[in-house]
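Chain B is fixed; fit chain S onto it per the hints.
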Amino acid sequence: MAGGAILTAVAIGVPWFAAVTLVAGVTAVTRSQPRVIGFAAALISVVASLFLLRAVPAGESLKEALMVLFSCLTLGATLMLPRRDCTSGTIGGILFLLGSTLLAYSTDDLRILLAAWIVSAVPFVREQWFGAATWRPRLGLLLSSAALAVAVALIAASGGTMSIGGLNRTSPGGMAVFGLLVAAVVFRKGICPAHAWVADAVEGGAAIPTALLLNGHFGAMLVARLIVPLFPNTARDLFPLLSYLALATALYVAIRALTENSPRRLLAYLALSQSACILAGLESQTMEGVTGALVHWIVVTVSTMGLFGIVRLLEVRFGENLTVARHLGLAEHAPRLAVFFIVFGLALVGLPGTLSFCSQDLLIHGTLASHPLTGLLLPISTAMNAVSVFRLFSRLFLGRRRTGFTVLADALPRERWILTAGALFVVFGGLFPNAIVARRAAEAAAVEQAFRLPEGSPDTVAKPATSYRESTSGFFERTGAVESVP
Amino acid sequence: MDFTQATLVFVVLAPGVVFGVLALLWLLGWVPPERVISRITGWMFSASIIALLPVLRSLAASGAPAVTVTFGNWFAVHDYRFPMVLMADRLSLPFLGMTVVLSGLIGRFSVTYLHREPGFFRFFLLLHLFAFGSLLAFAAGSFDLLVGGWELVGITSVLLIAFFQQRTAPVENALRVFGVYRACDIGLLAAVFAMHNWAGTASFAGGLPRLTGYRATTVCILLLLAAAGKAAQVPFSGWLPRAMEGPTPSSAIFYGAISIHAGAYLLLRVQPMLVQSGLASALVISVGVATAVYGTISGRVSADAKSSLAFASLTQVGVVFVEIGMGWKWVAVVHILGHATVRTLQFLRAPSMLHDYHQMHSAIGGETSEAGGYLEELFPERMQLWLYRWALDRGHLDTILDRFVIHPLMRLSGFFSGLDRMGLHRPRRERGEVVVPVSSAAPRGARQEGI
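Those sequence lines, one after another, are chains B and S.
Those letters in the first sequence? Residues 1 to 486, per the working numbering, in order.
Those letters in the second sequence? Residues 487 to 937, per the working numbering, in order.
Be aware that one or more of the hints could be misleading.
As the list claims (entries may be wrong) - Over the 10 Å line for every Cβ pair with chain S, so calculated as not near, a few chain B residues: (1) V23; (2) T27; (3) A28.
Stated by the list, open to error - If the Cβ cut is set under 8 Å, some of the chain B residues that face chain S in the computed set are: (4) A146; (5) R256; (6) R391; (7) P433; (8) N434.
Stated by the list, open to error - Pair ranges (Cβ atoms, derived): (9) B:R452 to S:L765: 37 to 43 Å; (10) S:R897 to B:R452: 42 to 48 Å; (11) B:Y244 to S:T654: 23 to 29 Å.
In case anyone wonders, no lab produced these hints; they're calculated from the structure.
Just so we're clear, the structure is a prediction, and the values are computed from it rather than from any experiment.
No residue lacks a Cβ here, since even glycine has one placed at the ideal position from N, Cα and C.
Extracted from the complex, chain B is given alone in its bound form (with noise of 0.2 Å):
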C-alpha cells in the first residue's frame, strides 16, 4: 500500500518537480536542454504508472490504466514538439499538465480531484501560455470548474465523507450534486451546446498541449469514477438523456466539420464527435458499451494525439496557414508524415486491422442495444467523420507538387520513431485486441455494475467475478458471471 503511495506520488512530484524547474529556469541545462529534461520526467512517469498497473488486479485498474496512458502520451509529445515549440515554458507547462492530470485520475478525495481538475486548466486560461485569445475556452473551463466547485461543495456541506469510495451509492447531495456533476461533464467534454470552445481552444491556442488537455478526457473519466458509483439510481434514470445528447454532439460536430476548413479546427470537431462517442458509450449501460467506449477512449487519445501532432509539424514545415479549401500536395515533400496522418485518421474512424474497430463494433452493439434507434446516429456520425478525415487528408496531402519548394521535408528521425510506435500501437492492437478488451472488460464491468446495485448499500463491494482464461486456440475467453460480493 505504502508501496503504491510512494510509486504515484513518484508518478505526479516528478513532473511537477521538473515542470518548477524548468519554468524557473533554474540550472543552465534545465534552460538549454527542456525536451531532455521533459523526456526524463515523462519517463519516470511512465515507469512509476506502470508498476503501479501491474499490481493491481483486472477490473480494479481503470485508473492506473489511465495513468500510463497519458504519461505514455505525454512522453511522445515531449518528442513529437517541433524544435520552435520546444521552450522551457512549454515543457514546464506540459509536465504541469502531466501531474495535474494523473493527480485527477489517481486520488479519492473529492477536494484533490477538484483542485487537480483546476489546476489542470490553468494553461489554458493564460494567453501567455496555451491559452487561446477567444474568450470561449476561458468560459468553457471556468464553467465546468465553478461546477465541480459547487458540487463538490454541497457534498461537504451534506456532512460526511469526501472519500470517493466511502461515497459510493449514496447520492450525496442529490438531484442537485448529480446535475452539477453533468454540467461539469458537458462543459469540460464540450458537448452540445457547450462544444465551440474545444475548437476555439485548438484554434487559436498551442496545438500539442491544447491536444493533451483534451485527451485527458476529464469528462468521461468524471463519469465513470464519480458520477455512476456515487449516484447510479439517478444514472439509471436520467443517463438516456445524457447518451442522447452525446450522441447528438457526435453527429452534430461531424457535420459541422464536413465544410470547416481549417485543419485545426476540423481536427478538433472529429475529436469532439468521437469522444462524445466515448461517452455514449459508457452511458448506455451494456458491457459491450462501456467497454467498447474504453478502448475506444485508448484509441482516441492515441490517434488525434498523432493528428494534431503531424498538422503542428506541417505548420512548422509549410507555413501556419494550411488549409483545406484545396489541394496541397505536401505528400510530394512529407510522404511519411502523410503515411501517418492517414493511418491515425483512419484509425480513428475504425479502419479494420486497428484497434478502433474492435473499439467502433463494441461501440455501435452497446449503444444500439440500449437506443436501438438513436444508437444508429453513431454509425452514422463515424461515416461522416471517415469522410472528413479523408478530406483532410487528401487537401493536405495529395494535389500538385508546389514548386519552388525543394527541401524534403519528411518527418525527423526523432519524430518517426514516436510516430511508428503510436501507429504500430493501434495497428497490433487492432490484430490482437485481446489483451486490451479484456482488460477493459473486466473494468467495464466494475462500472456497468455500478448501474445494477441499488442506493444506500455502501458496504457492498462490486467486485466482478469475471475472469479471463486463455483458450485452447490461444484466444481469451470470458468464464463466469458478473455477480455482486459481499
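Chain S only, in chain B's frame:
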C-alpha cells in the same frame, strides 16, 4: 489444424503479411526495387493458387460442405463474441480462386504497365492489401469478419482511385467514392448488429443465423443497401465512372472483376434468407433491372473506353442481381466468374486496343468504319433526344444525390458553422485561412529555424 486448413490460412494471410512487411520496411527507409517487388508478388500469388488446390480436392473428394478453420474468438465481451472463423465452401471457393488468379495476373501485367511509374511501390502495396481484404471477405465464416475484409477493399479502392495524386480530379473523385462506400456500409453494420440482437450470432460457418419474417426482411434490405453501394447499383451508380480515374490494372481488378462482385457475393451468402422474403427479393430484382437498363443506356453515350467498359460491367452485375433475386444461385455464380474473366481481359486490353485502332485508322487513310444500326432508332425522335440527354448526364443520379443529399448536408453544416460563430470575432488564425496560400518560400529556412 490439418494440411488443408493450413493451406486455406496461408492463402488468406499471405498477401496481408507481404503488405505488412513491405510497409514496415518502407517506414524504416528501404524502398525495394521493382524487380524484388515483382518477384515477391509473382511467387506469392503462384503459391496461393497452388495452395488452393488441396482445398478444392478436399471439397471434391470428401463431399464435406466446407473447409473450416476456427481460431476461437478474436475478442469477447459478455455475451458478444467476435468469432474468428475462416471457411471455404462451394460458394466462397470460386471467389477465392478468382481473386488469387486475377490478382496474380494483374500483378504480372502491372510490372510492365507501371514500369518506372513513381507510384510503382505504392500500387503493389495496395494490390496486396486489396487481395488480403478480398480473400478475408470471401473466406470469412462470419459477417463480423466479412465486414473487416469489406472495409479493406473499400479503402484500397479509394486510395487507388487517387493514385495519380498530382491531378485534382482523381483525388476529388476518390473522396466522393469513399463517401458513398461509407454511407452504404452503415447498412452492413446495422445488419450485423440486427443478426447479433435477434439470432445471437452473425456467424454462418454452421449455417445462416435463423431469422424469419420481418427480421429476415430487415436484415436482407440492410445488406442490399451495402451490396448496392459496393456494386454501384442504382441509385449509387454515379461513383463508378468516377472510379475510372485510377490506373487501368486497378480498374480491371476492382471494377471489372472482384470489388464490383463483392456485393453480389454478399447477397449470395444470405440467399437462403433472401428467398424467405418476397419483399427483399423483389427489391433485389428491381435494383438489378434498374441498374441493367441504366448501365446499357448510359454506356451507349460514353466517349471513353474505360467508362464504356464500366457501364458494361454495371449492366452485367445488374443482371446478376436479378438472377440472385430470382433464386438462381449457381447461374449467378457462373455468370460472375465468366463476366469477371472477360471484363478483366477487356480492361487490360483497352489501352493497347485504342493504340491498335489508331494505327489501323492511319493505315487505311483515316477512314472510320461505318457504325451499325441502333435499337434506339425504334423510338420517336423526341424520346431519343430525351434519352440521349438522360444518358449523357448519367441518369441524373449524381445530380439527384447532390441536390437531395449533399447540398442539404452542406447547407446544414454551414448553418451549424454560423451558430458556432455567433457572438464571436473571427479568431486571428482564421482571418487568413481562405485567401492566404501555403507559403512556398518560408519552408526553405524552416529546417534551420526549428523543425
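Checked hints:
1. V23: holds, 20 Å
2. T27: holds, 23 Å
3. A28: Answer for B:A28: holds, closest chain S Cβ roughly 20 Å.
4. A146: violated, 20 Å
5. R256: holds, 4 Å
6. R391: holds, 6 Å
7. P433: holds, 5 Å
8. N434: Hint on B:N434: holds, closest Cβ of chain S at ~5 Å, below 8 Å.
9. B:R452 to S:L765: 37 to 43 Å: 40 Å Cβ-Cβ, so the 37 to 43 Å window holds.
10. S:R897 to B:R452: 42 to 48 Å: Since the Cβ atoms of S:R897 and B:R452 sit about 45 Å apart, the hinted range of 42 to 48 Å holds.
11. B:Y244 to S:T654: 23 to 29 Å: violated, 40 Å
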